[in-house]
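> Note that the protein sequences, when read in sequence, are chains A and B. Under the working numbering, read the first sequence as residues 1 to 113, first letter to last. Under the working numbering, read the second sequence as residues 1001 to 1114, first letter to last.
The hints are all genuine.
Examples of chain B residues toward chain A, derived with CB under 10 Å:
#1 TYR1035
#2 LEU1043
#3 GLN1103
#4 TYR1104
Read the hints as simulated data drawn from the structure, not as lab findings. Remember, predicted model here, so these are calculated numbers, not experimental data. Glycine included, each C-beta is placed from N, C-alpha and C at the ideal position.
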Amino acid sequence: AQSVTQPDARVTVSEGASLQLRCKYSYFGTPYLFWYVQYPRQGLQLLLKYYPGDPVVQGVNGFEAEFSKSNSSFHLRKASVHWSDWAVYFCAVSIHMGYKLTFGTGTSLLVDP
Amino acid sequence: EAAVTQSPRSKVAVTGGKVTLSCHQTNNHDYMYWYRQDTGHGLRLIHYSYVADSTEKGDIPDGYKASRPSQENFSLILELASLSQTAVYFCASSDEWWGKDTQYFGPGTRLLVL
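Please model the complete structure; the sequences and the hints are all you need to start from.
So, in structure tokens, the structure goes:
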């Protein structure tokens, strides 16, 4: 069965600084990978998703993520964080012909003004 | 834009009572899902459905029933609510089930069982 680990429960960055949120997945094949964002008291919204192909995926609001099969990782990055990025970020994995998403436990991003 | 709505947005229930959470989507999607969110656990799948009048168990179905009377509507039913079912519940929908499709989430329902 597939699984996802987000090792950092909370990350604090200064506004304007760069950001990396870590995600490690476990699956013997090639997975589909997603990053979702949850703003306060809202549902989850898709930031970006990866299908087999270009390992660097561009998403909304300047976010990107890079797939690494050798490291079983799908880290999320942003060059310059804005205060509006304050949210919880979830990494998720699914598999071909799979019916569900398996989520990580989430990383809370706090932005220092 | 995909649209998934949930009602109620919050609810306080008594232990042993019946609770029904409703979800409505206007995306014309075949697949619908119910998740619960708990601190430290991320989202976990309770039930899902890929066609009206049929539901399937997810990873944590115990204590929950689901109903899909139409393509647009998907309900989650707690027949005998318990304290451990206090959580935030999210409904989602997707167009396909090939694994790569985006799921669209509702705003969530905060359930407090006392």
